[in-house]
Amino acid sequence: MEKTLTIPEYKADWAEGENGKWGMVIDMDLCTGCQACVAACAMENNISFVGEEDAGYGRTMHWIRIERFWEGTYPEIRMTPYQPILCQQCGHAPCEPVCPVFASVHSQAEQINLQVYNRCVGTRYCANNCPYQVRVFNWRDWPRPAPLENQLNPSVTVRRRGIMEKCTFCIQRIRQAEDVAKSEGREIRDGEVVPACAQACPADAIVFGRLDDPESRVSQLANSPRGKKLLEELGTLPQVTYLLGG
Amino acid sequence: MSEKTFLALFSDVNPAAEAIAQLREMGMKDEQMQVISGIPFTAPILGRPHPRTNVPRMAMGGALVGFLLAMFFTIGTPNLYPVYVGGQPLIPVPPSVIATFELTMLGMLLATFLGVFLDSRFPSYRPMEYVPAISDGKIGVLFRCTEEESSRWMDALQKLGAESVSPVEAVQL
Amino acid sequence: MAVAAKPLPHAHTHATEGPDHRESLMFDPRPRGLMNAWAMEAMHETSWKFWAVAAFLALIVLVFLVGAWAWMIMEGLGLAGVNRPAFWGVFLVNTVFWIGISHAGTFISAILRVLKVEFRRPFTRAAELMTAFGLIQAGFSILMHMGRVWLSYWLLPYPNQRQLWPNFHSPLTWDFLAITTYLLSSLMYLYLPLIPDLAMARDRSSGWRKRLYRILALGFRGTEEEWEHLRKAMTIFAFAIIPVMFSVHTIVSWDFAMATRPGWSSTIFGPYFVIGALHSGMAAVVVVLFFVRRMKHMTYFVRPEHFDALGKLMLVISMAWAYFFFNDYIVQWYGGDKWTRMLLEYHENGPLGWMWMLMLICNVAVPWLLLWNRRVRRTPWLMAIIGILINVGMWLERYVIVPISLTINRMPFTWRQYVPGIEIPLGIGTLALFILLYMLASRLIPLVPIWEVQEGQMVHSLERVGKTYVPVVKELE
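Chains as they are written, first to last, in numbering that gives the first Met the number 0: chain P, 0 to 245; chain Z, 0 to 172; chain U, 0 to 476.
None of these hints come from the bench; they were simulated from the model. Just so it is clear, the structure is predicted and the values come from calculations on it, not from any experiment. Check each hint, because a few of them may be wrong.
With a straight-line cut-off of 30 Å between C-alpha atoms, the simulated DSSO-like cross-links for lysine-lysine are [stated by the list, open to error]: (1) U:Lys-337 - Z:Lys-3; (2) U:Lys-337 - P:Lys-227; (3) P:Lys-228 - U:Lys-337; (4) Z:Lys-3 - Z:Lys-28.
Cβ-Cβ distance ranges computed for the label pairs, FRET-style [to be verified]: (5) Z:Thr-41 - U:Phe-290: 31 to 39 Å; (6) Z:Gln-157 - U:Arg-374: 49 to 57 Å; (7) U:Val-469 - Z:Gln-157: 33 to 41 Å; (8) P:Gln-219 - Z:Ile-74: 38 to 46 Å; (9) Z:Leu-67 - U:Trp-371: 46 to 54 Å; (10) P:Thr-72 - U:Pro-242: 33 to 41 Å; (11) U:Phe-49 - Z:Gln-157: 43 to 51 Å; (12) P:Pro-224 - Z:Leu-67: 55 to 63 Å.
A virtual CB, placed ideally from N, CA and C, is assigned to each residue, including glycine.
All chains should be modelled from the sequences, with the hints used to inform the complete structure.
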């Protein structure tokens with residue numbers, strides 16, 4: 000009894016990887032660029048709709064975005080594969096140490112970068128230091144058009160203006176699965192946790208699971224020779240692997 | 000045998016210093032005298048004992064307090080609530096150096112400032128012996144003596160080149 | 000020999016024997032009482048024009064600073080031009096700019112004091128005031144920049160119900176500590192040498208001024224002990240505030256240099272920023288002195304010789320700035336990193352390439368072409384224009400480093416140009432507040448440290464060497 004009162008008061012005290020090391024694989028050869036993941040992510044995580052004008056000025060609030068490029072000069076152009084970009088959940092995340100108030104911290108338990116919304120004071124240093132540019136900022140309190148205020152996800156905090164946010168690997172779903180597994184006295188099964196983007200992907204291009212389980216689907220795909228890490232040369236140790244060139 | 004305060008005013012530092020030396024030869028003690036001036040003169044120029052100041056000691060003390068505070072912040076607080084960031088150690092040494100430097104300097108300078116206040120007994124708004132001519136660059140020699148003795152000192156100072164020698168009352172500055 | 004503020008004995012005969020030293024303040028002594036009276040009169044002298052300008056500035060502060068800021072706090076930073084990828088914009092440009100301006104005060108009053116450079120004497124206070132007021136604007140600018148400014152006190156290390164302390168890994172925390180240290184120490188360093196002058200003002204004023212100066216002068220009389228404590232403290236301050244000053248702008252540069260970004264990740268940013276700060280600060284001192292000179296009697300204290308000396312310093316600092324700039328530039332250029340190459344290309348030939356060009360013209364070409372000339376250096380209005388140009392150049396330098404460099408990152412999909420919005424009126428508001436504070440201060444505190452000038456005139460004398468007289472400075476300490 001006394002133990003529960005004194006220790007693991009802080010999740011940070013937990014042993015590294017105690018609750019799994021979560022990771023994602025995105026198969027760029029399968030991605031059709033349909034943006035279903037973008038929409039599903041916005042619904043699941045109560046992301047604001049910024050409207051045309053702000054979106055055009057580079058203030059979109061997507062936690063996952065589909066990047067597309069053309070190669071060559073007109074008319075000899077070729078499209079490159081769609082590139083879904085989300086927070087890479089770096090092991091050595093550049094965004095974390097620069098926050099003066101510890102709003103951007105590392106979850107030792109799940110090996111994820113957390114963003115603590117209530118702590119954020121809006122210096123935006125983390126976003127500058129993110130080489131993947133996946134952090135989005137609440138530049139305003141955008142209104143939520145009429146019926147949409149009824150579909151807010153109760154498991155996710157609604158953010159107000161002046162706060163930085165980003166992809167969390169749908170931490171609310173991970174935590175829920177952890178709780179269910181704990182109450183049933185078992186480990187989390189592979190495929191039990193599915194983030195919104197993976198759930199919505201019609202091509203099954205996004206696979207999520209535990210990287211510390213060599214049997215899991217995500218581990219096996221991540222070890223595929225087609226696997227690449229984004230901006231690997233920076234040494235950020237991303238948890239997301241891109242598959243390309245099959 | 001009531002003691003009174005007298006003020007001799009000089010325009011130049013050299014006669015003032017001569018006068019101080021003469022007064023001492025004539026038997027006036029250093030503690031009986033005080034020099035007030037509109038610009039700083041060091042003790043050797045005036046031929047006076049070096050005033051004791053605690054400001055450097057205060058500064059050292061403040062630096063120590065700042066240093067200890069910095070140690071608490073950089074080494075202590077991460078252990079109070081461990082948060083891991085960016086794959087860096089819980090207590091990062093190079094950034095700690097920065098915080099330690101700033102807080103040590105801040106402690107030192109705050110204490111130096113405070114030291115001036117404590118040593119000079121600032122702020123003091125009590126009436127004090129003073130004439131505005133001092134801030135016009137005059138050098139004043141304040142001395143305390145009994146009324147019987149006063150004429151002797153006053154005459155001596157007049158001869159030594161004082162512009163005026165007169166009793167002064169404590170006034171509200 | 001007499002050590003006093005008297006006309007020099009041979010002042011009448013010098014014409015045939017050598018250069019006229021009386022054009023130098025230190026060889027043109029006046030009785031202390033007269034200098035005091037001048038300083039007092041300069042404070043009292045106000046025309047309706049002065050108050051009209053002050054009222055206009057106050058209106059600008061009210062609308063552009065208070066009003067616009069309140070609106071932005073209500074609406075969010077969407078009113079500003081910041082976006083992705085330029086998460087930092089003009090607010091941080093202004094922060095760096097004002098901190099840069101604030102460096103001149105310390106440079107002049109601490110470094111030149113430590114080195115016993117005599118020409119500093121009449122304008123140490125004018126420069127220190129700039130430091131204090133510049134830092135206040137820097138503080139405002141960085142607060143404007145924050146998304147949730149009402150929670151900015153969370154950066155303070157204090158025991159709280161969240162049980163959370165600031166993150167000492169973060170350059171912003173270092174910045175917070177450094178700017179706090181610098182602001183407090185420069186305010187104290189402004190106040191200490193001011194005490195004797197406040198006592199002087201107390202002795203020659205009446206009414207509300209008397210009450211104000213009585214409180215501020217703390218009962219200073221000028222006893223040996225008081226001077227000793229004061230002088231000891233000023234020596235400690237002069238030596239200690241120099242590394243603090245260097246640390247402040249170095250840490251400001253680390254806000255950029257610590258980031259893993261092309262163009263920012265540079266080991267030379269520390270000294271480069273410090274020199275940049277001195278460049279803009281020195282130039283700002285010249286501009287301020289030009290206006291101070293227009294106050295009554297101030298042509299006696301602030302003379303062409305001071306503009307001359309500052310002009311030489313500005314030229315040297317401009318060369319040092321160019322040296323550091325080139326050092327940073329060539330290493331980035333030679334490195335051949337893809338993103339850095341694109342960034343440099345964007346700096347020079349992008350849509351805002353004119354800023355990069357103009358920066359080099361203002362910071363290097365203008366001072367190098369003009370400041371070698373003694374006649375230019377001794378013409379106050381020309382120096383003021385050069386000072387303004389250098390400040391324009393230094394502001395552009397920070398603009399190139401912050402929002403323009405942020406436009407280019409390693410994810411080309413996010414590249415987007417930054418267009419300032421409400422930052423512009425807010426920036427104008429800080430400038431207006433700076434000028435307003437300075438104007439009000441010029442009527443409340445003696446802008447010239449009279450006792451330091453008298454002390455300086457006392458230690459200067461002319462000594463005959465051969466057929467002429469040469470200046471001699473006695474060391475009384």
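Practice problem: For the range 31 to 39 Å, tell me whether the beta carbons of Thr-41 (chain Z) and Phe-290 (chain U) fit it or not. | Solution: holds (36 Å)
Practice problem: Assess, step by step, whether the Cα of Lys-3 (chain Z) is no farther than 30 Å from the Cα of Lys-28 (chain Z), and give holds or violated. | Solution: holds (15 Å)
Exercise. Sort out whether Lys-3 (chain Z) lies within 30 Å of Lys-337 (chain U), counting only the CA atoms.
Key: Cα-Cα ~85 Å, so violated.
Quiz item: Okay, Thr-72 (chain P) versus Pro-242 (chain U) on CB: inside 33 to 41 Å?
Solution: Since the Cβ atoms of Thr-72 (chain P) and Pro-242 (chain U) sit about 55 Å apart, the hinted range of 33 to 41 Å is violated.
Exercise. Mind checking the hinted window 33 to 41 Å against the Cβ distance between Val-469 (chain U) and Gln-157 (chain Z)?
Key: holds (39 Å)
Practice problem: Starting from the range 38 to 46 Å, see whether the pair Gln-219 (chain P) and Ile-74 (chain Z) falls in it by beta-carbon distance. | Solution: holds (44 Å)
Quiz item: Within 43 to 51 Å or not, the Cβ separation of Phe-49 (chain U) and Gln-157 (chain Z)?
Solution: With Cβ atoms ~48 Å apart, the hint holds.
Quiz item: Is 49 to 57 Å a correct range for the gap between the Cβ atoms of Gln-157 (chain Z) and Arg-374 (chain U)?
Solution: holds (54 Å)
Quiz prompt | 30 Å limit on alpha-carbon distance, applied to hinted pair Lys-337 (chain U) and Lys-227 (chain P) | solution = Holds - the C-alpha atoms of Lys-227 (chain P) and Lys-337 (chain U) are around 19 Å apart, at most 30 Å.
Self-check item: Hinted pair Lys-228 (chain P) and Lys-337 (chain U), Cα distance within 30 Å
Solution: With Cα atoms ~18 Å apart, Lys-228 (chain P) and Lys-337 (chain U) stay inside 30 Å; holds.
Self-check item: Cβ separation of Pro-224 (chain P) and Leu-67 (chain Z), checked against the hinted range 55 to 63 Å
Solution: Roughly 56 Å apart at Cβ, these two residues keep to the hinted range, so it holds.
Quiz prompt | Distance restraint evaluation - Leu-67 (chain Z), Trp-371 (chain U), Cβ atoms, bounds 46 to 54 Å | solution = Roughly 51 Å apart at Cβ, these two residues keep to the hinted range, so it holds.
In terms of the numbered hints stated before, the structure departs from hints 1, 10, listed from lowest to highest.
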